[in-house]
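Asks: The lines below spell out each chain.
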Amino acid sequence: MSAHQFDALAIHLCADTATRGIRRQWPPAMAAPDTLRRLLQICEHAGIAEQQILRGDQATSEALLAALHDAGDVLGVDGVVVLTFSGHTERGDGPIATARWCLVGGGLELSQLAGQLAALPATTSLILVCDTCYAAAIAQVLCGPQPVVVLASCGDDQTMIDRLRSELVVRLEAFVCAPGGQDSLAALRSRLESDAPDCERPVVWTNAAHRWSAPAIAVPPRTRGCMVEVFTAAIR
Amino acid sequence: MKKRTLQISLHARESSVVELTVGDRVQLDRITETPRGHAPERHGDLLEPGMSTLALAPGHYFFRTLSPASLHVVRGGVDTSVHTANDKDGGWPDPPVNTLGDDAPGEPPAFTVE
Chain A
1 MSAHQFDALA IHLCADTATR GIRRQWPPAM AAPDTLRRLL QICEHAGIAE QQILRGDQAT
61 SEALLAALHD AGDVLGVDGV VVLTFSGHTE RGDGPIATAR WCLVGGGLEL SQLAGQLAAL
121 PATTSLILVC DTCYAAAIAQ VLCGPQPVVV LASCGDDQTM IDRLRSELVV RLEAFVCAPG
181 GQDSLAALRS RLESDAPDCE RPVVWTNAAH RWSAPAIAVP PRTRGCMVEV FTAAIR
Chain B
1 MKKRTLQISL HARESSVVEL TVGDRVQLDR ITETPRGHAP ERHGDLLEPG MSTLALAPGH
61 YFFRTLSPAS LHVVRGGVDT SVHTANDKDG GWPDPPVNTL GDDAPGEPPA FTVE
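If you read the sequences in order, they're chains A and B.
Taken in order, the first sequence gives residues 1 to 236; the numbers are from the working numbering.
Taken in order, the second sequence gives residues 1 to 114; the numbers are from the working numbering.
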């Protein structure tokens, strides 16, 4: 990533290869490649031009923590970071903060991830899209001052089935990329919850009350305005 | 103690009709063979709590539930097997279905075949 200032960026962590958690090795998540493609499209549609992909051998804890560290350096004031994860989570026997996203070379503990997210500027808005088992658990572990939206494929105590396509991300894409524009975060929650089995229930969570009435995944209007201005200047 | 998810596999050996009674909202999946292996895919609408009558074409199906469930085969032939997610190292019969993580400890609900 360059030292450029960005208003929004996305980091996609795609476990499309064998990974390791706490005790065992996991096969590639079947949906991961399709999920990555859809998430890239979702972010592009939402106006997030800067997107970084960590997949294959690059899907490591070190690479993710470094990407988040760099994000803090290149984001402008009131920037937006979208972090997505598609893969396995190993729960283990400890507290939920010790569950790990399974990555190449070993898992990343949720508490460690939360610590790195907390180190981002306090005015950074975070959007976490978690397509994994115990997906909503990250919301319990967050410890920073940033406003956060969590879009999780299942509850903090639930597992999910490895499918060809992520049911969460397929619906998220239809919602965000709808021809008439996307509805609010509250509407997304209602849409997701109305069509899900109880044992694999998507979770939409935020610690910022104003986000419920705002679009689910969006770049602040200020940023969009800047992009339009730049584009207008270029075609003159 | 936390309720554990019970996974129930159905193999319809022939065209069959079953009555499935569940206590929570359940998704029935059909397992199909794809170039990337066996993959579950949603089969029909979600099943609301209570009894549902289902017509099953020959094939493999499965569902997961948090509550006790029962199955009554009205017509045809259906084999069933029950698993928890931690069975994934060998307990799941062919075709296998995988979860995206390990299973936390807990008490699984009961499943009965009438």
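Bear in mind the hints are in silico, worked out from the structure with no lab data behind them.
Bear in mind the structure is a predicted one, so any value in this text is a computation, not a measurement.
Cβ atoms here follow ideal geometry from the backbone N, Cα and C, with glycine treated the same way.
It is possible that some hints are incorrect.
So the derived label-pair ranges between C-beta atoms look like this [claimed, not checked]:
no.	chain 1	residue 1	chain 2	residue 2	range
1	A	Glu62	B	Arg42	35 to 43 Å
2	B	Ala55	A	Ser190	50 to 58 Å
3	A	Gln41	B	His38	40 to 48 Å
4	A	His45	B	Arg42	20 to 28 Å
5	A	Ala66	B	Arg13	34 to 42 Å
6	A	Ala178	B	Val74	37 to 45 Å
7	B	Gly44	A	Ser213	33 to 41 Å
8	B	Gly76	A	Glu62	27 to 35 Å
9	A	Gly106	B	Gly37	37 to 45 Å
10	A	Ala208	B	Gly44	48 to 56 Å
11	A	Ala208	B	Ala110	17 to 25 Å
12	A	Pro145	B	Ala55	50 to 58 Å
Stretch by stretch, here's where chain B covers chain A in the computed footprint (C-beta under 8 Å, at least three residues) [claimed, not checked]:
no.	stretch
13	17-30
14	66-75
15	140-150
16	205-215
Asks: For every hint, state whether the structure bears it out.
Replies: For each hint, the structure was consulted:
1. Between glutamate 62 of chain A and arginine 42 of chain B the C-beta distance comes to about 37 Å, which sits within the given range of 35 to 43 Å.
2. In this structure the supplied range 50 to 58 Å is violated for alanine 55 of chain B paired with serine 190 of chain A, their Cβ-Cβ distance being about 31 Å.
3. Range check, glutamine 41 of chain A to histidine 38 of chain B: about 27 Å between beta-carbon atoms, so the 40 to 48 Å window is missed.
4. About 25 Å separates the C-beta atoms of histidine 45 of chain A and arginine 42 of chain B, a value consistent with the hinted range of 20 to 28 Å.
5. One distance hint, 34 to 42 Å for the beta-carbon pair alanine 66 of chain A and arginine 13 of chain B, is violated here, with the actual separation near 54 Å.
6. Checked against the hint of 37 to 45 Å, the C-beta distance between alanine 178 of chain A and valine 74 of chain B comes to roughly 41 Å, which is consistent with it.
7. A hinted range of 33 to 41 Å holds for the C-beta pair glycine 44 of chain B and serine 213 of chain A, which are about 35 Å apart.
8. Distance hint check for glycine 76 of chain B and glutamate 62 of chain A: the Cβ-Cβ separation is about 54 Å, which falls outside the suggested range of 27 to 35 Å.
9. In this structure the supplied range 37 to 45 Å is violated for glycine 106 of chain A paired with glycine 37 of chain B, their Cβ-Cβ distance being about 25 Å.
10. Distance hint for alanine 208 of chain A and glycine 44 of chain B: a CB-CB separation of about 38 Å, inconsistent with the stated range 48 to 56 Å.
11. Checked against the hint of 17 to 25 Å, the pair alanine 208 of chain A and alanine 110 of chain B fails, with Cβ atoms roughly 42 Å apart.
12. Take proline 145 of chain A and alanine 55 of chain B: their Cβ atoms lie about 55 Å apart, and the range 50 to 58 Å holds.
13. Given a C-beta distance limit of less than 8 Å, the hint that chain B covers the stretch 17-30 of chain A holds, as 6 residues qualify and 3 suffice.
14. Counting residues of the stretch 66-75 of chain A whose CB falls under 8 Å from any CB of chain B gives 0; the rule of at least 3 is not met.
15. With 0 residues bearing a CB less than 8 Å from a CB of chain B, the stretch 140-150 of chain A misses the requirement of three and the coverage assertion fails.
16. Coverage of the stretch 205-215 of chain A by chain B is violated in this model, with 0 residues showing a Cβ closer than 8 Å to a Cβ of that chain against a need of three.
The structure fails hints 2, 3, 5, 8, 9, 10, 11, 14, 15 and 16 (numbered hints given earlier, in ascending order).
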